[in-house]
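S.K.: Fit chain H to the supplied structure of chain C, relying on the hints for placement.
Here is how the chains run, residue by residue.
Protein chains: 2
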Amino acid sequence: MYVILVYDMGEKRVSKMLKLCRRYLHWIQNSVFEGEITEVKLRELLEKAKALMRPAEDSVIVFSSREERWLDKQVIGREKNSLDNFL
Amino acid sequence: MYVILVYDMGEKRVSKMLKLCRRYLHWIQNSVFEGEITEVKLRELLEKAKALMRPAEDSVIVFSSREERWLDKQVIGREKNSLDNFL
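In the order they appear, the protein sequences are chains C and H. If you're matching positions, the first sequence starts at 550 in the working numbering and goes up one per residue. If you're matching positions, the second sequence starts at 550 in the working numbering and goes up one per residue.
Hints may be right or wrong, so weigh each one.
No copy labels: a pair is met if it fits in one copy or bridges any two.
Below, simulated DSSO-like cross-link-like pairs (lysine-lysine); rule was C-alpha separation at most 27 Å, straight line [stated by the list, open to error]:
no.: 1; residue 1: 565; residue 2: 590
no.: 2; residue 1: 597; residue 2: 565
no.: 3; residue 1: 622; residue 2: 561
no.: 4; residue 1: 622; residue 2: 568
no.: 5; residue 1: 590; residue 2: 561
no.: 6; residue 1: 597; residue 2: 568
Don't read these hints as lab results, they were simulated from the structure.
Next comes chain C alone, as it looks inside the complex:
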């Protein structure tokens, strides 16, 4: 399935979350990732994310769609990570 993941983490935990998400998804903006991922891999990612998070302070939101074609993407301004989009 296709997911968009956004996180909001305390400063001390940001870099660990960034590294973790990069192993599963493509980074497209500050704290925003997207990509095709299986349900099993997503569950694995979220379990690892939970272990990094302080639930009262941090949050992760995952939007998922069974089909990528159900979602249109429009980028305005700088494409932070345009290379990654072609991988």
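M.R.: Same frame as chain C, now just chain H:
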């Protein structure tokens, strides 16, 4: 249609963008908004966003889906703006 909007703005322009997006969508996390919006209203929002942005530095990404039910949302950790979700 249903959209997810994420922005990455230079510090000086963040608060203006936040205010602008709040007029059209629901704030759900740091620089992340979602909501039902018409194409006309989205175009209006993006025109106003462009006027605030420095294209070489800032970016706005909009994911859109014709139907909200095509997207699942999962929140882990703190629900930053849970009230807004019920509006």
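S.K.: Please go over all the hints and tell whether each is borne out by the structure.
M.R.: Comparing the hints with the structure gives:
1. 565 x 590: within (18 Å within a copy, 38 Å between copies)
2. 597 x 565: Within one copy only: 10 Å inside, 35 Å across.
3. 622 x 561: between (31 Å within a copy, 26 Å between copies)
4. 622 x 568: both (24 Å within a copy, 23 Å between copies)
5. 590 x 561: within (25 Å within a copy, 38 Å between copies)
6. 597 x 568: within (11 Å within a copy, 34 Å between copies)
The structure fails none of the hints (numbered hints given earlier).
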